[in-house]
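Listed below, chain by chain, are the residues.
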Amino acid sequence: MIPSLPRSGWMRVATAAYVVLFVAFLFLPLIVVSVFAFNDAPYPAPPWRGFTLDWFLGNVARGRTGLFADSDLMTSIGTSCIVATSVTLTSVGLGTVNAFLLERGDFRGKQTLSVLMLAPLVIPGVILGISILAFASRVAQFADDRFGWDWDFLRPGLPLVVLGQLSFIATVVTLTISARLRRFDTTLEEAALNLGASRAAVLRTILLPYLRPALLGSAAIAFLMSFEDFNTTLMLVGSDPPLTVMMYGRMREGATPVLNAVSLFLMLASAALALGVLRRRRA
Amino acid sequence: MLSRSRLSLALLLAPALLWLGALIVLPHVELAILSLRKMVGPRDYAFSLTQYATFFTEPLYWHVFVRTALMSLGATLLTLLLAFPIAWCIAKIARGRASSALFTLCLIPFWVSETVRTLGWMILLRQSGVLPALLVRLGVTTVPVEMLYHDATILVGLVYGSLLFMLIPLVSSLESLDNALIEAAYDLGAGGFATLRTIVIPHAAPGITAGCIVVFMLTIGNYLTPTLLGGKNSEWFTEQIYTQFITRFNWEQGAAFGFLLLGLSTTIVVVGLRVTGQRFGDVMRRT
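Keeping their order, the protein sequence lines are chains A and B.
My numbering numbers the first residue of the first sequence as 1113 and each following residue consecutively.
My numbering numbers the first residue of the second sequence as 13 and each following residue consecutively.
Just so you know, not all the hints are guaranteed correct.
Derived Cβ-Cβ restraints for the label pairs, each shown as a range [what the hints assert, rightly or not]:
no. : chain 1 : residue 1 : chain 2 : residue 2 : range
1   : B       : A206      : A       : G1269     : 34 to 40 Å
2   : B       : A145      : A       : V1172     : 47 to 53 Å
3   : A       : A1383     : B       : R107      : 56 to 62 Å
4   : A       : F1265     : B       : L193      : 39 to 45 Å
5   : B       : S60       : A       : R1174     : 42 to 48 Å
6   : A       : T1298     : B       : A206      : 46 to 52 Å
7   : B       : A44       : A       : A1126     : 51 to 57 Å
8   : B       : L119      : A       : R1316     : 32 to 38 Å
9   : A       : L1387     : B       : A206      : 51 to 57 Å
10  : B       : T210      : A       : R1124     : 21 to 27 Å
11  : A       : F1265     : B       : T154      : 56 to 62 Å
12  : A       : R1220     : B       : V282      : 23 to 29 Å
13  : B       : L193      : A       : A1136     : 29 to 35 Å
14  : B       : L30       : A       : T1187     : 53 to 59 Å
Which chain A residues stay away from chain B? Per the calculated CB distances, all over 10 Å, these [stated by the list, open to error]:
no. : residue
15  : T1127
16  : V1172
17  : A1246
18  : F1247
19  : G1260
20  : L1293
21  : E1340
22  : M1359
Calculated directly from the structure, the hints in this document are not laboratory data.
Nothing here was measured: the structure is a model prediction, and the numbers come from that model.
C-beta atoms are modelled at their ideal positions from N, C-alpha and C, and glycine is treated no differently.
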């Protein structure tokens, strides 16, 4: 069972075979998606008809709409970037404040609050979506009835998508930053204060540089989670769908390999982000 | 000085309260109100349990509900069975670089969006896809068979998407198991199965529970994988919620369905924790 105990030959072979099969199972869908991005055929299906870059570079003149000429897809990538950037900035800000609240604050009900902060992770994304949709609609109705204000941002659309994603991504970011802050050696802070540094100077020169890896790491996670979120987004989306919702719609209809092209682009982008995070962590 | 520290506490507390209040607590209160009312006239509502009664009297709804729960349970158990040997390899058999390389290799696919992974399975499994063509080539079937839109397809997709969330807690709980205990069991004559049952599983129980809870929650709340891989046959409960809320604009019914799903998901979490005597916070922090 473990290397220090004798294992029979077939046991070793079986273990190795299982690992190989498992990894193949994990990578099979990704490989298939990538390969068919280059197939010279109108549908992402076998047989292989030769290599082409049409699904990236094609345009109307060539009779095939490639990724870069597909304005709907390109717009939705832009939309996703806007949403993900907003979610990242707000959640990292919120998460940092929460981390200080949980690690440094001392108040009644702190235990309850910290458990409540975990709740968004156990509420299914679909339900977060519909509850925020319903509440936003109630608030908008109230603002209209009472004051005659037209709060358009509370109707399904990008602001609501950002709020919906923020509701659970904030938890992940809070956990990451709190974990780092918990390991902080407070004597450093006391030394700085003894040497006459102001609170603001301590925050700027000691605490924030110390938290930097957690801030950057959680920002990357927040961006990726937002970019890839589907469940919550689907319930709150208006007329300008982010990429995942756009892809979902096309996948239901049976789309051309342009979806494979955009998927390959997504894989490369998230691989770059992942490598960046891992690199920093090691440095 | 006291007022100053109070002020800074209030400033730290405000964003958290705004977030939890406006995005979590109040929306769920609104959802509860919606689910417990019915329209009696234009813009006029009264308290009613009709929405919940509809759920129990209409066989379609609770059939889909039970089906979703059972399939999620099946997917969770399958994920555990598939992930356990790999977690064992990572934590106990492979060493040093090989171990972390294998772990990283298992993490990579989950950096990629669920949409992309599902697209991959659709290309692999649909009638004109890769696997049916391969089966014909190998002579297993004479014509390409449709491998999408079956319950098994949904299970494959769900298990595939859940493996990571099972692997992480399993690996961390197995890594903390002292090898000397396994060696001692071996020296005392225990076979592989006896060691697994009396040493490994009791030690890894917190990790197993944490993994199962997270996987079950994610599976039962999933929308993308069942609808795309199951097509019209998916009959997934989140789909019913979407239909009521977005397609039919019947928010009252949709809210009631939402609460039923939330209730089921919460029950499983609470029961799972109770059975193994763990605290919620500890489990969430581990994953």
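Minimum Cβ distance from E1340(A) to chain B greater than 10 Å, as the annotation requires: 4 Å, violated
Distance restraint hint 39 to 45 Å, applied to the beta-carbon atoms of F1265(A) and L193(B): 58 Å, violated
Whether T1127(A) stays farther than 10 Å from all C-beta atoms of chain B, as the label says: Not fine: 7 Å to the nearest Cβ puts T1127(A) too close to chain B.
Status of the stated non-contact between F1247(A) and chain B (beta carbon gap over 10 Å): Violated: least Cβ distance 4 Å, not greater than 10 Å.
Consistency of beta-carbon spacing, R1316(A) to L119(B), with hint 32 to 38 Å: The hinted range 32 to 38 Å holds for L119(B) and R1316(A), with Cβ atoms some 34 Å apart.
Assertion that A1246(A) lies outside the chain B interface [Cβ separation over 10 Å]: A1246(A) not clear of chain B: closest Cβ-Cβ about 5 Å, inside 10 Å.
Exclusion check [M1359(A) not at the chain B interface, CB over 10 Å]: 5 Å, violated
10 Å Cβ clearance of V1172(A) from chain B: 24 Å, holds
47 to 53 Å as the expected CB spacing between V1172(A) and A145(B), which holds or is violated: Given a distance of about 31 Å, which is not inside 47 to 53 Å, the answer is violated.
Distance restraint hint 51 to 57 Å, applied to the beta-carbon atoms of A44(B) and A1126(A): For A44(B) and A1126(A) the Cβ distance comes to about 52 Å; the hint holds.
Non-interface label on G1260(A), tested against every C-beta of chain B at 10 Å: 17 Å, holds
Status of the given 34 to 40 Å range, CB of G1269(A) versus CB of A206(B): For A206(B) and G1269(A) the Cβ distance comes to about 60 Å; the hint is violated.
The structure does not agree with the numbered hints 1, 2, 3, 4, 5, 9, 14, 15, 17, 18, 21 and 22 stated previously, though it agrees with the rest.
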